[in-house]
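Generate the whole structure from the sequences, applying the supplied hints.
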Amino acid sequence: MANTENTGKWGMVIDTDRCTGCMACVTACAMENNIPWTGEEEAGYGRGMHWIRVQRLWHGEYPEVKPEFTPTMCQQCGHAPCEPVCPVFATVHSEAEQINLQVYNRCVGTRYCGNNCPYTARTFNFFDHEFPTPMDFYLNPDVTVRRRGVMEKCTFCVQRIHKGQEKARAEGRPVKDGEIVPACAQACPADAIVFGDMSDSESQVSQIARSERRYQLLPELGTEPRVTYLKGGGYYGG
Amino acid sequence: MAADAQSLTDMQIARYEKEEDPRQHLMFDPRPREEMNRMVLEAMQTTTPRYWITVGILGLLVALLLFGAWGNMILNGIGLAGVRPPIYWGIFIVTFVFWIGISHAGTFVSAILRVFKAEFRRPFTRAAELMTTFGLAAGALYPLIHLGRVWVFYWMMPYPNARWLWPNFRSALVWDFLAITTYLLSSTIYLYLPLIPDLAMARDRTEGWRHYFYMVLSLGWRGTEAEWLRLRKAIGIFAFAIIPVMFSVHTIVSWDFAATQVAGWSSTIFGPYFIVGAILSGVSAVITILFVLRSTMKNMKYFIRPEHFNALGKLVLVFSMSWAYFFFNEYLLHWYGGYKVVRDLLMHHATGPAAWIWYTMLICNVAIPWLTLWNKKIRSNPTAMFVITLLINVGMFAERYTIIPLTLGYQRFPFNWGQYTPRLTEISIVLGTFCLFIFLYMVVSRLIPLVPVWEVQEGQHAHTLRKVGKSEVPSVTELD
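Note that the protein sequences, when read in sequence, are chains A and B.
Just so you know, the first sequence maps onto residues 1 to 238 in my numbering.
Just so you know, the second sequence maps onto residues 1001 to 1480 in my numbering.
Think of the hints as simulated: they come from the structure by calculation, not from any bench.
These figures come from a predicted structure and were not determined experimentally.
Misleading hints may appear alongside valid ones.
To be verified - Heads up, simulated DSS-like pairs for lysine-lysine below, C-alpha to C-alpha not over 30 Å straight-line:
(1) B/LYS1298 / B/LYS1340
(2) B/LYS1117 / B/LYS1376
(3) B/LYS1467 / B/LYS1376
(4) B/LYS1340 / A/LYS231
(5) A/LYS9 / A/LYS167
(6) A/LYS66 / B/LYS1467
Claimed, not checked - Sample of chain B residues lacking proximity to chain A, with all beta carbon distances greater than 12 Å (derived):
(7) MET1011
(8) ASP1029
(9) PRO1030
(10) GLU1034
(11) ARG1038
(12) GLY1068
(13) GLY1077
(14) GLY1082
(15) LEU1165
(16) THR1188
(17) SER1218
(18) TYR1420
(19) GLU1455
Glycine residues also receive a C-beta, built at the ideal position from the N, C-alpha and C atoms.
In structure tokens, the structure reads:
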């Protein structure tokens, strides 16, 4: 059953001028996607698991400093460096959504994809992490709980994309712009993250992505990221 | 009495060297066939209590350090190793590349020197080939050890399954898997072929379980003309065929890195650079092991002489220079290319907090061999060569450490720059494979003739001292 509504090229725009670095997106992402808490010691060692992180860089000399926040997650590259290196096809390109997906049950844990991701967007389950009660009541039934030894990363909340599409199909209408919102965009109090269908030139995300403030991360690598960043306009707090 | 004969040999060789007598060379110092057979068998069958204690301790260490720590890691998670994002590969992969490098020694020394008819190779081809096999055995464990889920490792192999799923042939890891399996198989056959006549020799001169053991392994070898003809043909084919396999293996190992987009890895020069490094570390390891064999096994001083250290020392010097050339090339082109990420990375290697590893690499791989190996006296001194070659392998380990975790730690986002410290589990497993290598080598050194007797005898037949007037002139007959 070929569904035309399934061929959306999903994309995201992040306005770094609006980002306040509040980390709401990081928290929302962890709750939505069953990302485990690795604990103080592990996180301190650099093994904290996040599918999205807020990179904070300082500009200027003290005391005249300005922070710059760049929320960074998997860029869902069109030419993804992680895909060809996996020996078992655990990291694959989804034809319907045009995003990169990780097949947790297929992953053997060579971590080659993690090395080859220029955005270092992938996180690895070094141990089996428990969700202590009552935290396990928060677990999202739509998302796999990963075991140790597998790689994982941002999926653009693919479960929400599917839910939105199913709802629209049940009601016999196309998916409306802004109907599907990933957890990070939903949680962002500054509306810095906008998500939508890039193949629809009238969608909000397409319009914003045409802004002259647009840039992409590491464009010289030719990875064709699906995430566009905005920078250089008005400055909102921070 | 045997001990007397041993020290007599030493003194004699020392005297020959002083007098520049051609008999200082093994090829010009023949012994009767039967005596030589007896010497090799004696070396193989003599076991001292010290030998058994060492083997016992090594076996225990392998069980504990390697399999114990690995088992514990499988039970608890790969997190017991120190790797962390973005440094996903650490000392496991470093040691993997190290062992695959060591394994180049056997083929290089044996096949290339055989093809080029370098006569000095004769007494130690087998010692080198054994290093290939055991180096691969130790190295091939690492792709399994470092997996997050080792219990499904077979998903990386092409095998028929209900879902028609193949491994991803675009992934360098699959090439790697195929290359290493090919090399392990072909190098084992290449080790076995020249072994057959020696096994038959041992079969005819032993009793009890050894007799049966060699009877099975020697495949009924009788030494007829037809058998020799076929054996030579097979060895000839394998010697030529295994050389491209050897070159391909380390090239493909280098593609694990070069085929990525990681800054500092994505380099077209990595293939030859890795091969030269592998041969440098491999030939050095041969020298290290020859010294150990010479000083621990009976009658080895007759077979392994200063001339062999001298000849291999020259090879090491040449490969140290080639390695330095590639190293320089790598820096020059990246400097010229001007890509900021790589330039910053290379600066970090030389000036960052782990710069001591970089300097260790340069001192051990370049400074030490260049300053010492030009000198024939040093090259002919087994103890000095032991120390030098050991240091070269320390340097090569440092090279791989610089290339793998230190490069991964300084990629395009300064946000998560950093280093990683190997943890106890990792260090234990690394030491465990070193113990495994020595353990296997020690056990097999008492099971098969470590010196290819027939090759030495063949060489000695071809080398004669002819009297021309009053002086003796060395003369060599061309074989085949």
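key: Non-interface label on B/PRO1030, tested against every C-beta of chain A at 12 Å   = Holds, because the least Cβ-Cβ distance between B/PRO1030 and chain A comes to about 53 Å, which exceeds 12 Å.
task = Please confirm whether B/ASP1029 is truly not at the interface, meaning its C-beta sits more than 12 Å away from all C-beta atoms of chain A.
result = holds, 53 Å
inquiry  = Is the claim that B/MET1011 lies outside the interface with chain A correct, judged by CB distances over 12 Å?
reply    = holds, 57 Å
ask   = Once the closest CB in chain A is found, is it more than 12 Å from B/THR1188?
value = holds, 24 Å
inquiry  = Given the hinted pair B/LYS1467 and B/LYS1376, is their Cα-Cα distance within 30 Å?
reply    = holds, 28 Å
request  = Beyond 12 Å from every chain A Cβ: check whether that's true for B/TYR1420.
outcome  = Violated: least Cβ distance 8 Å, not greater than 12 Å.
ask   = Can the restraint linking B/LYS1340 and A/LYS231 be considered satisfied, given a maximum Cα separation of 30 Å?
value = holds, 22 Å
ask   = When you look at the beta carbon of B/GLY1077, is every beta carbon of chain A farther off than 12 Å?
value = violated, 4 Å
request  = Please work out if A/LYS66 and B/LYS1467 have their alpha carbons no farther apart than 30 Å.
outcome  = Since the Cα atoms of A/LYS66 and B/LYS1467 sit roughly 91 Å apart, the hinted pair is violated (cutoff 30 Å).
ask   = Against chain A, does B/GLY1082 keep a CB gap of more than 12 Å to every residue?
value = violated, 8 Å
ask   = A/LYS9 and A/LYS167: Cα distance at most 30 Å?
value = holds, 18 Å
query = Given the hinted pair B/LYS1117 and B/LYS1376, is their alpha-carbon gap at most 30 Å?
reply = holds, 22 Å
The structure fails hints 1, 6, 13, 14, 15, 18 (numbered hints given earlier, in ascending order).
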